[in-house]
Each structure stands twice: as C-alpha cells, then as structure tokens.
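In the order they appear, the protein sequences are chains A and B. For the first sequence, position 73 (counting from the first letter as 1) is numbered 745 according to my numbering, and the numbering increases by one without interruption. For the second sequence, position 148 (counting from the first letter as 1) is numbered 1566 according to my numbering, and the numbering increases by one without interruption.
In short, the hints are calculated from the structure, not lab data. For each residue, glycine too, the CB sits at the ideal point set by N, CA and C. Please note that the accuracy of each hint is not assured.
Just a few of them, taken from the derived set where beta-carbon distance is under 7 Å, the chain B residues facing chain A [claimed, not checked]:
no. : residue
1   : Met1448
2   : Ala1453
3   : Asn1458
4   : Gly1478
5   : Tyr1554
6   : Ser1555
7   : Phe1558
8   : Gly1575
9   : Arg1577
10  : Pro1630
11  : Asn1633
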Amino acid sequence: MDQLITEPKTLSNDEIFGVLNQFITEVIGEEFVDEMDITPDSSFTKDLEMDSIEIVAFSEKVKIYFGENINFTGWLSNMDLDEIISLKLSDIINYIRLCQ
Amino acid sequence: MPVIDVHRIKLHIQELNPDGEETIILIHGMFSNLAVYYFNIAPMLAENFRVILYDMRGHGMSEKVNEGYDLASMTDDLYALMEELKVDKTHLVGYSYGGLVALKMAIRYPEKIDKLVVIEGPDPNEQETLTIIDTYSKEFLIHYVNNFADTTKMQMGKRQLERNHRMYEFLFNETTIRSDMESEKDFFQQKPLSQLTHETLLIYGEHSNCVPSGNTLASKIADANLVLVPGDHNVPIQQPETIGSQLLLFFNKNVDLDICDANLLVVKQSA
C-alpha cells in the first residue's frame, strides 16, 4: 500500500514537512517531483501545480495519517478559492502543529 | 483512497458525516470530478446530512473504462453504489451531464430518490459538446485555458495541461463517450421526463447558455422550480456558497436564510 502506517507522535515542523512531502510525491508521481524543489514555501496550485482532485487525494492521506482530530477538509472548507489557490505547505504544517 | 467495486469497476467515493439521518448524493459533470463539490458545497451540506460524492467512471480517481458513458450505464453505477453503501433512499444533486444522470436515476428508480436538484443540466440535443470532441486538439485546450481561465480561476501549468490533455485524449479517442452522449440526444423529448413527480429544483447561472435547457425542464417536470443565480455554466465553482445555500434551503426547510443582497445568501442554522 502507498500509505504510511507509522503511528503519529507529536511531530516537529521538519518531520511534518517530511511526511507531507512524501504524500505530495505519492499524489503527483515521482517523475514530476524530481523536477520540482518542494519547500515549506511551495504553494499547492502555483508551485506544485496540484489540481483540486489531487488536493482531495492529498487531504485523504493527511486525514488517515494524522487522525480524525485534524479536520483538514473542514479547515479547507472555510477558505474561499483564492485562499486555497495561495495555500502553502507551511500553512498546513502550522495547522497540524496547532492541532497536535 | 476509498474505492468501491460496482460491476467490477472501481469508483472513487468520498463520504462526509456518515451518521447523518438523510443522505445527499452529489454527481459531478462530464470531464470533471468530485472536487467540484468537495471543498465548499459538500461540507456545507454535511452539517445536516450524510453526503456521498463519487467520481463517475473514467473520471477523477475512478477506474478508466472504455465504455458505458450513456445515462443507463451511469445510473447502473449509481444504483450499485447505493446498494454497496446501503442507501435506501437519497436526495440527488447533479451538475451538467451529472444533472442528466440524476434525472435518469429518478426516472428509472423513482422510489429510491427523494428530492432532486439539477444544476446547469444541458439539453443533450444541443450537442455542443460533440462538436468540441470532434474538433478537440491540444491547441484547443491551450486556447480554452488562456481565454476562459478567469471564470473558473483555473490555473494550468505544464504538468496540469499535459494531465488534462491526456484525460481528454483518453475519453475522446479510447472510449465510447462520444457515441454514448450522442445516443442521449432525445432525452428531453422523451415521455418519462414529463412524468416525474419528484420535487425538483433547477439551478442555472443567469449568464449561462444552458438557461433555455432549464426552461425546458421547468416546463416538463410538474413539481419543478427554476432558480437563476449569478454566474455562467461554471456556477458551482464561481458561487459555491450560493449553490450550497440554495441546496440547504431546498432540502431542509428548518434552516433560516438571510438574504443579504441579491447575490449572496447567508445560511443561519436554527437552534
């Protein structure tokens, strides 16, 4: 299976970034990731060129890994389209840190 | 990613608030996927309802299949999905071609469907989509993205352009989607449509070229109400809050709606 199955503990920013980085790789495919420089400053739509169905797949992985107390979809649903478009990896890392 | 097997085809589904008393199933349009509802409309509905979204065959993260894009096959899939998820009866919302799937479902299985919503359902007799299929090229896609990107705020870099191009090439060249859609061209003229008894809401964008299709449906379905909202055919992406509010109002009469201005409906949940 392509899911990480490790039980999550309280993770540091770097550790969360590592997990999210792997999820992005799984969603968009390694051949594309090789050409990208993924950093916490990467934005989902502009830099990583993820479309909405890829963000759905990514959200799914976040939900499974970090558990139900991180309501990632609910958090996203409070944003309008412009906010989702400008969303950066660091925003998600901060959100997960807050929920932990 | 949650997938279920229907007729040996794997369909990608998402379910919100599985314990909700009543169920709403949301059907996306042709060449689209469940993400059209996932971020705004579905979470709004999920506060009160069990909400099920799925990618149609050949679309989104569902299995790529070569045939079965006609309304009978599409509703076979939906029926099997309901069986699999143990949904006896559901409200149904369909956007664009998904609206036609919703209508067909209510015609074939009237007892399984409660209320019905069609958003921007096109008269398949117009066959505009077929012209696009016949003349499709990568250049067309680039032209479309460059000229219509602001109505949907769609941003497409090289990888997305390639991904979309591959999807269109697959659907147009390797599947029966064209002939399947063409075979439905008389759907609005068929008798069963005018025999529907479901309470039906028709939502169209006031600047959409599909408005005449909405008028046709309103004249044929006995218990139908047509609502025009700001926007064009892409209205669920342009006005998700308005669409979500309209749906809540239609499905749940206990929700108070504050109409702030003509363009914006704000939902207030009654205690």
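Checklist entry - Which of the numbered hints are not met once you compare them with the structure shown? => result As far as the earlier hints go, 1, 5, 6, 7, 10 and 11 are violated by this structure, in ascending order.
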